Structures are given as structure tokens and as C-alpha cells.
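J.: For the record, in the sequence shown the residue sitting at position 118 is 118 according to the UniProt record's numbering, with numbers rising by one throughout.
Treat each hint with caution, since some may be false.
Pairwise CB distance ranges, derived in the manner of DEER restraints [unchecked claim]:
1. 9 <-> 62: 31 to 37 Å
2. 63 <-> 18: 39 to 45 Å
3. 99 <-> 65: 16 to 22 Å
4. 37 <-> 12: 21 to 27 Å
5. 162 <-> 47: 38 to 44 Å
6. 31 <-> 152: 20 to 26 Å
7. 6 <-> 51: 23 to 29 Å
8. 153 <-> 99: 32 to 38 Å
9. 222 <-> 25: 39 to 45 Å
10. 156 <-> 60: 28 to 34 Å
11. 47 <-> 68: 20 to 26 Å
12. 37 <-> 203: 19 to 25 Å
13. 10 <-> 35: 35 to 41 Å
14. 82 <-> 214: 23 to 29 Å
Pairs of lysine to aspartate or glutamate residues, derived as DMTMM-like cross-links and limited to a Cα-Cα distance of at most 25 Å, are as follows [what the hints assert, rightly or not]:
15. 75 <-> 146
16. 152 <-> 35
17. 75 <-> 151
18. 75 <-> 60
19. 75 <-> 50
20. 202 <-> 151
21. 22 <-> 4
22. 177 <-> 146
23. 21 <-> 190
24. 220 <-> 130
25. 22 <-> 95
26. 138 <-> 151
27. 138 <-> 104
28. 74 <-> 130
29. 26 <-> 104
30. 22 <-> 130
31. 152 <-> 190
32. 144 <-> 30
33. 26 <-> 68
34. 74 <-> 12
35. 202 <-> 68
36. 21 <-> 35
37. 74 <-> 102
38. 26 <-> 151
39. 220 <-> 68
40. 75 <-> 95
Just so you know, the hints here were simulated from the structure itself, not pulled from any lab data. It should be emphasised that the depicted structure is a prediction, and the values quoted were computed from it without experimental measurement. We treat Cβ as the ideally placed atom computed from N, Cα and C, and that holds for glycine.
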Amino acid sequence: MNIEYIHSWSMEPVQAIDLQKKLRDKLTFEDYSREPRLVAGIDVSFPFREIALAVIVIMEFNSLSIVDHFFSLKKVETPYIPGLLSFREGPAILDALSRSPEVDLLFFDGHGIAHPRGIGIASHIGLFVEIPTIGVAKSLLYGKVESLPREKGQSSRILSPGGRLLGYALCTRTSVKPVFISPGNRITAESALRLSIRTIGKYRIPEPTRQAHILTQRLKNQLVL
1 MNIEYIHSWS
11 MEPVQAIDLQ
21 KKLRDKLTFE
31 DYSREPRLVA
41 GIDVSFPFRE
51 IALAVIVIME
61 FNSLSIVDHF
71 FSLKKVETPY
81 IPGLLSFREG
91 PAILDALSRS
101 PEVDLLFFDG
111 HGIAHPRGIG
121 IASHIGLFVE
131 IPTIGVAKSL
141 LYGKVESLPR
151 EKGQSSRILS
161 PGGRLLGYAL
171 CTRTSVKPVF
181 ISPGNRITAE
191 SALRLSIRTI
201 GKYRIPEPTR
211 QAHILTQRLK
221 NQLVL
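Make a model of the complete structure from these sequences and hints.
T.: And the structure:
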């Protein structure tokens with residue numbers, strides 16, 4: 001996959017926050033009207049305290065069948081700081097993406113613009129690649145859900161304190177806690193929701209990031225053993 005390395009990752013938290021504020025103005029949001037063929041789910045785990053394992057699972061969009069996968073192990077240079085997840089996981093993700101062929105969409109286990117500074121990991125990494133990115137998070141980091149959706153396929157808007165649309169809470173299983181969909185880069189919130197709905201399988205987590213998570217855990221266990 002083609003990657004444009006727009007900055008280095010090694011910096012102090014105050015510098016990282018300042019960079020996030022500058023980068024968020026570079027995000028673009030476009031309707032996605034075409035039919036994707038290949039999509040990828042991205043997940044990161046930590047088999048060891050200072051080692052990140054990033055996994056890319058490529059899937060055929062219509063069938064949600066796995067086509068291929070790629071992974072990377074990288075030493076972590078940045079501690080965990082809330083709101084700065086991309087600085088911890090980004091290097092491993094980009095290394096894994098550099099081994100992958102081009103796909104049409106990337107789904108991240110994390111947030112897009114539903115982030116205190118408007119640039120979660122799906123948005124941040126989205127600036128390094130030339131394809132749309134979508135955040136699929138298991139919990140809400142920023143914003144407020146208008147009303148909690150409870151039926152499978154239902155959704156409710158996530159709004160910023162100022163009323164800006166940040167994404168959608170999406171119910172993927174009836175009476176189960178929703179997931180939180182937000183656009184990363186090169187896609188609108190509405191398009192991100194529509195495409196995420198089509199990746200719902202039998203489980204709470206949509207298939208691209210669910211399958212990526214399954215593989216990270218399998219590989220992590222092999223490394224630990």
C-alpha cells in the first residue's frame with residue numbers, strides 16, 4: 001500500500017497535541033458512493049509491554065470472507081496517554097500497511113473524528129494513506145449520543161458539545177451495547193455508517209475489526225508461548 005510519511009512519531013505529549021490540532025484541518029470528508037471490493041480491518045495488541053503487534057486483515061466486502069492478512073511487530077517508543085493512541089500504535093500500523101496491497105477502505109479499532117481534538121487513530125493514519133478510513137470503537141471517547149439504539153441496524157447520532165455531527169452509535173445486536181462509528185478521513189459520517197452496517201455479522205463487533213482482533217490474539221498467544 002502506498003504511504004506518505006508526513007511526520008515522525010517521536011515527540012513530547014505537548015508537541016503531539018499541537019500536531020493533532022494542525023493535522024485535523026487537513027482532514028477531508030467526501031460521500032462514498034461506489035461499491036468497495038476489498039476492505040481491511042486493523043487491530044493492535046501488545047504481546048509484550050514495549051512491543052506492538054499490528055494486524056491487517058483483508059476481506060472481500062460483499063461476502064466478508066478473508067482474503068489475506070499482514071502483520072508487523074514494532075518496539076513502542078511512546079507510553080499510553082489518553083487521546084494520543086495513534087502515537088503509540090501508528091508506527092506498527094503503518095509498517096503493516098506498507099506490506100499490504102491496496103484496498104478500498106480501512107476499518108480501525110478506534111475513533112475517527114469522535115475524539116477530543118477531532119483526530120483519533122482512524123483520522124490520523126488516514127492522512128498517511130490515499131483511501132477512506134473509518135473508526136469502529138467499542139466505547140465512546142468524546143461527544144454525546146442522542147439516544148441509545150437498541151434494535152439491530154438502528155443508529156443514533158454522536159454530537160459534539162457544539163452540535164457538530166461526529167458519527168453514529170450503531171446497534172449491531174438487539175439489546176446489546178452499540179459500537180461507535182466515526183469517519184476517519186476521505187469519507188462522511190453518513191457513508192461510514194452505511195458501509196459499517198454492511199459489515200455486521202453475528203457478533204457485536206463488525207467483521208473487519210473483529211477478524212483483525214481475533215488474529216492479533218492468535219499471533220500474540222503464539223509469541224508469548
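J.: Against the earlier hints, flag every one the structure doesn't satisfy and list their numbers going up.
T.: 4, 15, 17, 18, 24, 33, 36 and 38
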